[in-house]
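Enquirer: The listed protein sequences correspond, in order, to chains A and B.
Residue 146 in the UniProt record's numbering sits at position 146 of the first sequence, with consecutive numbering throughout.
Residue 43 in the UniProt record's numbering sits at position 43 of the second sequence, with consecutive numbering throughout.
Careful, some of the hints might be misleading.
[What the hints assert, rightly or not] Label pairs and their calculated CB-CB ranges: (1) B:99 with A:129: 53 to 61 Å; (2) A:167 with B:28: 21 to 29 Å; (3) A:87 with B:261: 18 to 26 Å; (4) B:148 with A:141: 53 to 61 Å; (5) B:244 with A:39: 37 to 45 Å; (6) B:10 with A:2: 18 to 26 Å; (7) B:57 with A:122: 33 to 41 Å; (8) A:87 with B:147: 54 to 62 Å.
Rather than coming from a laboratory, the hints here were simulated on the basis of the structure.
The beta carbon of each residue, even a glycine, is placed where N, CA and C say it ideally should be.
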Amino acid sequence: MKPVIEARGLGVEFYRSRRRKRSLREMVFKGHTGAPIDTFWALKDVSFDVRPGEAVGIVGANGGGKSTLLKMIAGVLIPDEGRVTVRGGVAPLIELTGGFLGELTARDNVYLAAGLHGLRKRDIDERYDEIVDFAGPQVAAAMDMPFRHFSSGMQVRLAFALITTLDEPIVLVDEVLAVGDRAFRERCYVRMENMLSGGRTLFLVSHSEGDLRRFAERGLYLSSGSLIADGPIDEVISQYNADADAAS
Amino acid sequence: MTVNIARQTRGLYRRRQLLWTLVRRDLHVRYASSPIGYLWTIIDPLAMAAIYFVVFTVIFKARSVGYQPYVLFIVIGVLAWQWFQLSVTETARALIAEARLVRSTNMPRELWVVRVVLAKGIEFVLSLPVLAGFAIYFVAVGQGHVNSKLVWFPVGLVLQFLLQVGLGLLLAPITVLFTDTSRIVRIALRMGFYATPIIYGVHAAPESLRTILAFNPMSGVLEAYRAGFFPAELNHRAIVLSAIVSGVLLLVGSYVFSRLEPAVLKEI
């Protein structure tokens with residue numbers, strides 16, 4: 001079977017201190033000529049394959065390139081080197097409420113955000129009740145209120161419910177495996193487990209060892225943009241912990 | 001360059017449903033947030049038209065600068081310019097304004113530009129009954145005139161749409177990378193207003209300026225809009241030139257957009 005995610009020699013270069021965003025004044029007065037551009041590679045030469053149904057956890061220290069890698073798989077960042085091929089749609093649990101607008105009612109927002117993720121109106125009609133049910137009675141009672149009047153907890157609950165009902169075969173998670181209060185968190189975990197047993201491919205970035213061990217079978221260890229280890233999650237976590245202890 | 005534009009058009013076509021969702025959202029937000037939402041679409045240009053009418057016919061007594069009836073002449077110009085101006089200002093900020101969505105959803109990013117031009121275009125079309133009202137009034141009192149060259153009106157619409165998509169594709173990524181772009185755009189638009197035959201006709205400009213005006217793509221667009229309402233002969237050259245300039249801008253915009261896209265995504 002063909003891998004669902006195929007990364008080959010992936011690299012992306014960033015400008016330190018946002019040099020690109022210079023103002024016209026700077027360009028005119030300091031000149032645009034060959035000021036040494038300070039860059040760093042957030043990812044360099046990263047290659048791996050992910051087979052359908054695999055659950056992969058990414059570990060590494062802050063700034064290691066974990067979120068950058070996730071964004072590239074989600075297609076919201078374009079690599080400078082190499083390529084990443086993703087076969088199938090992606091449900092990104094990255095910036096959960098990114099597609100929601102404060103002025104519109106929660107109901108309008110569900111239709112809008114689901115549309116942004118590629119659902120047709122008919123599909124949304126079918127899933128609407130399920131989404132609202134999952135978000136909880138508190139949210140269900142307020143679906144005709146403007147979204148900005150929701151508490152932040154209610155906002156992420158609705159967004160989480162929406163994105164996890166997308167049928168995309170690949171699920172990308174950036175630290176938002178569980179949101180909301182304790183009761184809701186448990187339902188998030190159950191839903192993630194159901195998605196996994198339904199054959200989805202999971203790509204999870206987390207600093208929580210518990211979450212990683214619970215959901216991922218395979219680990220990728222990123223450090224300063226390079227892929228250091230790729231193996232069973234327990235081994236990768238031990239290696240990361242050993243490195244982190246050695247450094248401190 | 002043409003490869004880019006073919007790829008971009010295919011991508012947009014595939015996500016056309018989403019495009020409509022976004023356009024509807026824009027109109028919804030615009031008209032739902034104010035009880036007289038629709039009136040704002042026409043009050044603004046009508047107020048401007050009234051000002052120009054008073055200044056140029058009562059104070060300067062320069063009735064010969066446009067065609068007669070002059071009110072109809074400026075109403076067409078001001079309405080079309082409003083679409084142009086709003087569309088250019090907002091497309092320039094299209095990627096920045098939706099940074100959260102651009103960051104979190106994977107879709108053809110040209111969509112953010114086209115969506116603004118379309119939403120503003122629908123507002124323009126919704127303001128056309130005002131134009132029709134003026135035309136009917138002037139025909140009724142015997143000062144107006146409507147002829148078969150009205151078929152040029154949709155040509156103007158299409159030209160103006162393509163022109164604004166081209167400009168938007170060019171400006172949106174540049175604004176992300178160079179923060180001062182939107183200020184420059186604002187000044188350029190203010191100058192552009194007077195460099196466009198809105199309150200005067202090309203025929204009223206001195207010979208030396210007419211060539212320059214002809215290269216302003218909005219000249220041809222306005223020419224197409226006005227053709228059906230005034231007996232003057234249609235200036236084909238202006239329309240052809242406008243089509244060429246718009247086409248070139250569209251190609252350049254599409255090329256620049258796809259070249260700057262990776263840098264924009266890192267920055268946003």
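Enquirer: Decide, hint by hint, whether the structure agrees.
Expert: Do the hints match the structure? See the list:
About 32 Å separates the C-beta atoms of residue 99 of chain B and residue 129 of chain A, a value inconsistent with the hinted range of 53 to 61 Å. Remark: the range hint 21 to 29 Å for residue 167 of chain A to residue 28 of chain B is upheld by a beta-carbon distance near 27 Å. The hinted window of 18 to 26 Å between residue 87 of chain A and residue 261 of chain B holds, with their beta carbons roughly 22 Å apart. Taking the beta carbon of each, residue 148 of chain B and residue 141 of chain A are about 59 Å apart, inside 53 to 61 Å as hinted.
Between residue 244 of chain B and residue 39 of chain A the Cβ separation comes to about 40 Å, which falls inside the hinted range of 37 to 45 Å. Between residue 10 of chain B and residue 2 of chain A the C-beta distance comes to about 24 Å, which sits within the given range of 18 to 26 Å. At about 56 Å, the CB distance of residue 57 of chain B to residue 122 of chain A disagrees with the hint of 33 to 41 Å. In this structure the supplied range 54 to 62 Å holds for residue 87 of chain A paired with residue 147 of chain B, their Cβ-Cβ distance being about 58 Å.
Checked against the numbered hints given earlier, this structure breaks hints 1, 7; the rest are met.
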